[in-house]
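Peer 1: Taken in order, these protein sequences are the chains called A and B. Heads up: the first sequence at position 29 corresponds to 29 in our numbering, and the numbers run straight through without jumps. Heads up: the second sequence at position 63 corresponds to 63 in our numbering, and the numbers run straight through without jumps.
Everything labelled a hint here was simulated from the structure, so no lab data went into it. It should be emphasised that the depicted structure is a prediction, and the values quoted were computed from it without experimental measurement. Glycine included, every Cβ here is placed at the ideal spot set by N, Cα and C. Worth double-checking, as some hints may not be accurate.
Partner residues aside, some chain B positions facing chain A, computed with beta carbon under 7 angstroms [unchecked claim]: (1) 6; (2) 22; (3) 29; (4) 90; (5) 95; (6) 96.
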Amino acid sequence: MAGIKPVLQALLVADHVYQDKLTGKHVVCGVFGVMFRHVATPSDGTVDLSSDNRIKSGFNSGSPFAFLSLIDVHGEQKFSLRYVRLRDDAVSFNIKFKVNSPDRLNPCQTAIALPPLPVVDGVYALELIWNDVEPLGSYRISVMPPSGENL
Amino acid sequence: MITEPVFEKIEQTTYSDHSRYECRAVLIKEDDGYSVYASRLPGVHSQGGSRKEAIANISEAFVAAIESYTSMSRDIPWRDADVDASGEEVWILVDV
């Protein structure tokens with residue numbers, strides 16, 4: 001194993017992450033861990049069952065952001081963000097990125113745009129992996145029907 | 001003066017056909033190398049003279065097991081992760 005293993009301080013999924021360019025501060029808005037899906041209701045009032053699982057409710061989480069904060073990143077380090085369905089460990093997407101930090105004491109914070117999240121019922125995890133194989137942490141998201149609807 | 005860390009996105013890949021899985025494996029250091037097993041798929045074991053070789057071998061064994069179950073149209077018998085406390089957990093992205 002090469003180098004110091006980075007430490008994950010925070011991993012969040014939110015509707016939006018803004019950054020104040022003057023101070024560098026991140027503003028994380030609409031953090032969520034549950035997504036509700038419902039059947040789309042077109043304007044003519046009919047219910048289109050074929051579009052089930054495509055429409056979300058409760059928040060605009062179609063293309064959310066991941067906010068992450070790391071410490072103990074020394075030099076150039078490779079990371080991956082994976083979105084995994086925990087029932088069968090199927091991977092929906094994988095984002096590879098690298099971080100170059102000259103001082104490992106510096107906190108490394110960023111926001112990464114995510115692709116649309118699947119809205120099929122189940123429990124998922126956004127996982128941060130170091131060097132392709134070493135897990136640093138994960139963030140769970142459940143997709144479920146709106147309350148009152150049977151699974 | 002503080003030098004800011006630099007983030008750089010390398011690539012982004014999405015999968016809609018369930019062709020990618022995450023193989024969760026546990027590496028155990030032995031006298032002459034590493035033994036390794038898939039923590040969520042029973043019966044998938046391997047070994048290697050080095051850590052890298054053991055990871056490559058368990059990836060192959062994992063893919064072979066998944067392909068075997070799917071070719072026989074059998075459900076894959078996922079289980080809750082069985083992690084040996086003395087081992088090192090690795091999460092490997094594999095193509096099936």
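Peer 1: Out of the numbered hints, which ones does the structure contradict?
Peer 2: The structure conflicts with hints 3, 5 and 6, although it agrees with all the remaining ones.
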